[in-house]
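Chains as they are written, first to last, in the numbering used here: chain A, 11 to 291; chain B, 11 to 291.
Hints in this document: simulated from the structure, not taken from any laboratory. Please note that a few of the clues may not be correct.
You can't tell identical chains apart in this list, so a pair holds if it fits in one copy or across any two.
Said to hold, decoys possible - Listed next, the in silico PhoX-like pairs over lysine-lysine satisfying Cα-Cα at most 20 Å (straight line):
id: 1; residue 1: K287; residue 2: K223
id: 2; residue 1: K274; residue 2: K24
id: 3; residue 1: K287; residue 2: K16
id: 4; residue 1: K15; residue 2: K274
id: 5; residue 1: K223; residue 2: K156
id: 6; residue 1: K223; residue 2: K69
id: 7; residue 1: K16; residue 2: K69
id: 8; residue 1: K136; residue 2: K39
id: 9; residue 1: K39; residue 2: K156
id: 10; residue 1: K16; residue 2: K156
There are 2 protein chains.
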Amino acid sequence: MSDFKKDNTGYHLKHLFIGSEGTLGVVTKVAILCPPRSESVHLAFVGLNSFESVLQTFKNAKRYLGEILSSCEMIDQVSLQATVENMNLKSPIDTYPFYMMIETSGSNAEHDMEKLNNFLQLAMDKGDVIDGTFTGEPSKIQEMWKLREIIAPALAKDGHLYTYDISLPLRSFYDIVKVMEQRVGHMAKRVCGFGHLGDLNLHLNITTEAYSKEMYKALEPFVFECTSQLKGSVSAEHGMGFLKPQYLKLSKSSEAIEMMHDIKRLVDPNGILNPYKVLRS
Amino acid sequence: MSDFKKDNTGYHLKHLFIGSEGTLGVVTKVAILCPPRSESVHLAFVGLNSFESVLQTFKNAKRYLGEILSSCEMIDQVSLQATVENMNLKSPIDTYPFYMMIETSGSNAEHDMEKLNNFLQLAMDKGDVIDGTFTGEPSKIQEMWKLREIIAPALAKDGHLYTYDISLPLRSFYDIVKVMEQRVGHMAKRVCGFGHLGDLNLHLNITTEAYSKEMYKALEPFVFECTSQLKGSVSAEHGMGFLKPQYLKLSKSSEAIEMMHDIKRLVDPNGILNPYKVLRS
């Protein structure tokens, strides 16, 4: 119950509860420290020909947008296609193998526009960004974000959606989509990836018209083993829940897992807090 | 050993070790994620007449410097006086009751200068900032920071230094210095405060010509009890170490302390890891 940035009195128990998915306790009260809302927000939607260009553009965004870069998303062609086909939405630009959504948040609109303009000009001069549009108008920003946010529901409309939330190192961020395309592309409706590139968090998706046990077996545990081999994390933002505890060993050492079990037993000796989640006993 | 921004595989054990001051384990290997160095850094040194003006200036710095504000320090007159008297350093401006050092880090020097100029102009127009100087030249920035960094050694030159590292809510950030001035001012050489205002972290200092048991008894546990009453933390950035475990109860609930002891026993059943620190058994 403190919102101090610095409090070094004993162990940082707060962080033990964050991400424990209710298995160590129940939140009854919370203190939240809020940053002020940014005066100026802009969003660019750009098209690119290769993942190499996506990486280069991310690198340049960090360099030239620096302190105002607030979001950097990647969407592949198949993902965006699903929203166009299944949700009747219109892409703001032509069709490209990859898209990026780059958002800036700052305190001075004129400065932010100048930085964004310089960055986009450079990205186009270098041939990384082929086409694009950007806006600072709140309603248009919302409209553009909708395209990104509706991808998962759009994919679900294909019939059955197998979806994975993983972290991967930047260099191999998109490799797993290509690996899965090769492995299960012949029996899938779509194999695609989109996600929070800036956070190294990929949402990998495979759709079929209906649930198929054969597809499920081709996907799991392969997806998680492949993520582990690429030195990624099998759960980026959505937690282990009920379905993934068996794959914890692919991202954490046996010593770390043993310590997690010890802590669970210590805090919840009767195993009554959100049972069967995170750790399988 | 992962530098992912997002990894939700099990409990966040890393944070249990951070700040545990060696009582839960020994670091043998570490993965560090570095942000790029800022292209442009500026530092302003300003003089103010009251703590009310310091608060107002901090608020405006957050608003007008926003994403480029990288440091916001407060120094009181007595603290700076110690560096001038004991270290033969020169203040860059005249004498005022309070000083602030406001640093910006950004990707575009022209934009940063404009923001800093606008902010300083506003602070002077409002009468919060009376006098000031700012620079973007690395050697001059270093020189100015030296004035801040040398305060503690300068105070130690008075003879004996009693120093406290605490976090306090913004509204009562400086109150404790005035309380201590009233309480022990008559038997002290100096009573002063400086610190990381942006982090709510105050360094409270009392100096005497030589160590005095009477002064020590007047200071402790009073300083920690007073911090606790102001809803502060008795240890902001320097940890509990050997001297403060007895005051842990002033900042943490008995339930939290009990859980810390349980975790310590779990991880280090023989009590061999940095004994007598953080938790007193």
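Verification of the supplied hints:
| no. | hint | verdict |
| --- | --- | --- |
| 1 | K287 with K223 | neither (24 Å within a copy, 56 Å between copies) |
| 2 | K274 with K24 | both (15 Å within a copy, 16 Å between copies) |
| 3 | K287 with K16 | between (32 Å within a copy, 19 Å between copies) |
| 4 | K15 with K274 | neither (27 Å within a copy, 24 Å between copies) |
| 5 | K223 with K156 | neither (32 Å within a copy, 67 Å between copies) |
| 6 | K223 with K69 | neither (40 Å within a copy, 59 Å between copies) |
| 7 | K16 with K69 | between (31 Å within a copy, 19 Å between copies) |
| 8 | K136 with K39 | neither (51 Å within a copy, 39 Å between copies) |
| 9 | K39 with K156 | neither (32 Å within a copy, 42 Å between copies) |
| 10 | K16 with K156 | neither (37 Å within a copy, 23 Å between copies) |
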